[in-house]
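Engineer: Generate the whole structure from the sequences, applying the supplied hints.
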Amino acid sequence: MNRSRLVAPRLAFIFLLGCFFFNYPLLSVFNRGGDFFGLPPLYAWLMGSWLALIALMAWVAERSD
Amino acid sequence: MLQGSVIVLASLFYLGILFAIAWYADRRADAGRSLIANPVVYALSLGVYCTTWTFYGSVGRAAASGIGFLPIYLGPTLLFALAGFILHKMIRVAKTNRITSIADFVASRYGKSQLLGGLVTVIAVVGVIPYIALQLKAVSNGFTILTNYPEIVMPATAGAVPLLQDSALYVAMILALFTILFGTRHLDATERHEGMVAAIAVESVVKLVAFLAVGIFVVWGMHEGIADIFSRAATVPEVARRLASADSPSAYGSWGTLVFLSMFAALLLPRQFQIAVVENVDPAHLRRAVWMFPLYLFLINLFVLPVALAGMLHFPGGAVDADTFILTLPMARQQEGLALFVYIGGLSAATGMVIVETIALSTMVCNDLVMPLLLRLPMLGLAARADLSGLLLEIRRWAIVIILGLGYVYFRVAGEAYALVSIGLISFAAVAQFAPVVIGGLFWKGGTRDGALAGLAAGFVVWAYTLLLPSFAKSGWLPDGFIAHGLFGVELLRPQHLFGLNGLDEITHCLVWSLLVNLGAYIGVSLQRVPNVREARQASLFVGGAEAAVSSGWRGSAGVTELLPLAGRFLGRDKAEAAFARHARQRGLRSIQELPADARLVSFAETLLAGAIGSASARAMVASVVTEEPLGIDEVMNILDEASQVRAYTKELEQKSLELTRATAELREANARLRELDRMKDDFISTVTHELRTPLTSIRAFSEMLHEDPKIDLAQRSRFLGIIVSETVRLSRLINQILDLAKLESGRAEWTVAAVDVTEVIREAAESLTALFAEKRVMLELDAIEPGLTVLADRDRLMQVMVNLLSNALKFVPADSGRVQVGASATPEELRVSVSDNGPGIHAEDQEVIFDKFRQGAGTTDVLTDKPQGTGLGLPISRQIIEYFNGRLWVESTPGAGARFVFTLPRQAGDNDGLATEDGESHSGRTPAGGAASDSGGKNNGVMGGSQ
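As given, the protein sequences belong to chains A and B, one line each in that order. Position in the first sequence (from 1) plus 229 gives the number in the working numbering. Position in the second sequence (from 1) plus 147 gives the number in the working numbering.
In case anyone wonders, no lab produced these hints; they're calculated from the structure. Yeah, the Cβ is synthetic: ideal placement off N, Cα and C, and Gly gets one too. One or more of the hints may lead you astray.
Examples of chain B residues lying across from chain A (beta carbon under 8 Å, computed) [what the hints assert, rightly or not]: (1) F377; (2) G403; (3) V437; (4) P441; (5) L442.
Non-contacting residues of chain B with respect to chain A, defined by C-beta distances greater than 10 Å in every case (computed) [to be verified]: (6) F160; (7) P463; (8) L521; (9) V560.
Structural biologist: Written out as structure tokens, the structure is:
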């Protein structure tokens, strides 16, 4: 963690991004009927953005050396 | 196949494997080849966050509220995005201070307060017991359901079982036994359990694989894929409602609250703190855990909603508890092996949680609650007992049994009233009360012990009133009237609508109020006073990071002879000796006996003990043998204000720079004076050589004439020789005077100071010059001399002055009509001597110049001949002499009306001979060098400056 001073701030940025992704009002955009490749849009959004954030965290944390 | 005995055997076999893994990992750790020093193991062990609450409960919650189960896992994901700021710091602080639990962490942060550690322990135990009950409930339910195979029977409808046939009791007993085996086999100074962590990591894998196996079976074995489940669900209105969340502000509010709450829980639950902070081997492992732990959470939740929907489709009408879907769905399809595997997965989730949680809690109970109390009870005489390490282990074992017993009691009495998820959230809300003091303590130095106590107590009371008591009431423990009508019938005090706050679910409602009063009391009370010395020091350790940890905080000292037995009592003799020997080696010493009795040794002993009995108790124990010196007021100030050190540096720097400026100025001045002196020396030398050359030239010229022309007549010859002789005399006089002046100026002149009869000196000087006066026919009048005047001076030097002045006057008065008058008078303070002539006088501008070396009055040089008369050194020498005796020599003159040279000499208190002699001795006693040299230096300055 301490090899690069930027890792922690970058992860903190992901934290803010996550706070935005996983809360009102963005959730209300997806909270509707219909489907997205057979999945409810809200479910698809949460699982998709969650996985994307994890990938982003992995990329930021692991590339620091 | 799924008889009770098979299930029990499978469970015991699985637990046996876990124990073998733990045993192997412990042995590897003892051999120094740690099995868990690996970031992947660290990330997996963090999976202890997922308990049966996740394993069974998530599906139940999904069946009740769609995606409402997700915030519990999104929160920890967000927390780990902040790991670089919060978790990393906590790990570093915990490692440098040997912190062994969250109670220890809080107690240590606020000045190692035993009271605070105790309060945190109580909150943690009370808050977490429902959570432990939940695990027992889940395992026992799973067991009941599985043993009824192939029928699917819900435990709630299976009827109440007698105590001795209750599987939950046996589960609790087996778990207690296992926890004791895992956690309290020996006492470790760092309170780390490598074997346990290895087992937890394996359990994390087992429960994940089990859940994924069910998920894959349900999605692809029972259906045509995830999309198939969703499209089927959409056709059943009752199920389709779960596909979208309620679209209301309060629903989003609850959602946000849960994200926030689970964020704290993943950090502050005792078991999370234990695994993430205490058991962490290397802070660098966080780098992997930052994404691997969220990924683990993602995977274990991947099939939750599909399984929940499939369960609702398969068991319509709610006859089967949604919490059991992952077990009952395989059973409904006769998948016995899978069902057993799922049960083992659930067992993994439960044992992992219970083992880590009870170990963490038992450490807290022992170190922060029981030991401080026992040590305070004098009748037990514990403070004097030689070996307490056995007692410590005993206390922890009993704590484990009691905690699990309380969990069982809660399960037995209240368990059925709540779904799994609701019980878990009560615990989450309890540990969220730690958030202000822990996170505030990491980033804010102003928090005090009182503030932390007030915040925790207030938050805990509100939590208990708004969440715990209503849960008791719903279980029938308490009359439930106060829920509907408020305490004492006061509507405003309704626990779930406190002060009329409506529209929130009970968890959000509790969090809003409890965190509000918690934070308010923590900050408000902290701001009542400045942190005291100890709090401030701990604050700088925690907020400032590990760098500050070098300062020990102990100002007293105690030797090995006191500290080693003390540590031995808690750790066991051998362990304590080994630790002290290690410390000695680290400090480059050969043996324990060489360790000096200093503050560093005391600090070492304290941290060593902190591992075993907690920081607050350790401090108290060490304090009992250390004679601490009182803190000086300066040091208090230093600790209180971290900036003061910087300020001291600045001040020192300023002072230094001021001194430098002053020194520079002095040097510059000295340099200027040296250059001036150098220049004056050059001037002097060139003048002297010029003066010397004049007589030499004439001597040489006449000598050459005599040498080259032997026919010069006698009269001429004797005239020339006369000139040569007089020039030689002049030259030698000049050289004598230069030498004299040099002596005077350098301070090397010898002075013989005594009372001098001035009248006599004047007469003597006049007599020596009588011939010259007679030759020039100049009248010398000595009438105005008062008789018997004495002064303290050097007789010969005074004579020299008189001769100089008289011959100077003689030089300038006209022959025949010349007249020189000498006067001498005295007041009690000073003697005054004057020599007046009727010569041409001296222009005002020349009146100072004539006292310069080699300078003679411009108007007087050519009075008789073209040649300057005299050497031009007589007056400067005279002035040097007079000034040496603190007198003054000056000239008064109007051109054309003669000149009067006057000198004064101070007379020391009367002219008593005896006193004068005594004074004279002291006068000659002091080195004249100083006075003369500086006088002449100062004089030269002005003189030479004027001559330019």
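Engineer: Take the hints in turn and mark each one as holding or not.
Structural biologist: Results of checking the hints against the structure:
1. Interface restraint check for F377(B): the shortest CB-CB distance to chain A comes to about 6 Å, inside 8 Å, so the restraint holds.
2. Because the smallest distance between the Cβ of G403(B) and any Cβ of chain A comes to about 5 Å, under 8 Å, the interface hint for this residue holds.
3. Taking 8 Å as the C-beta cut-off, the interface hint given for V437(B) holds, the closest approach to chain A being about 5 Å.
4. For P441(B), the shortest C-beta to C-beta distance to chain A is roughly 5 Å, which falls under 8 Å, so the interface hint holds.
5. The interface hint given for L442(B) holds, since its Cβ lies 5 Å from the closest Cβ of chain A, which is under the 8 Å cut-off.
6. Against chain A, the non-interface label of F160(B) holds: every CB pair exceeds 10 Å, the least being about 35 Å.
7. Separation of P463(B) from chain A is adequate, the least Cβ-Cβ distance of about 20 Å exceeding the 10 Å criterion.
8. With a least beta-carbon separation of about 40 Å from chain A, L521(B) lies farther than 10 Å from that chain, consistent with its non-interface assignment.
9. Every CB of chain A lies more than 10 Å from the CB of V560(B), the least distance being 37 Å, so the non-interface label holds.
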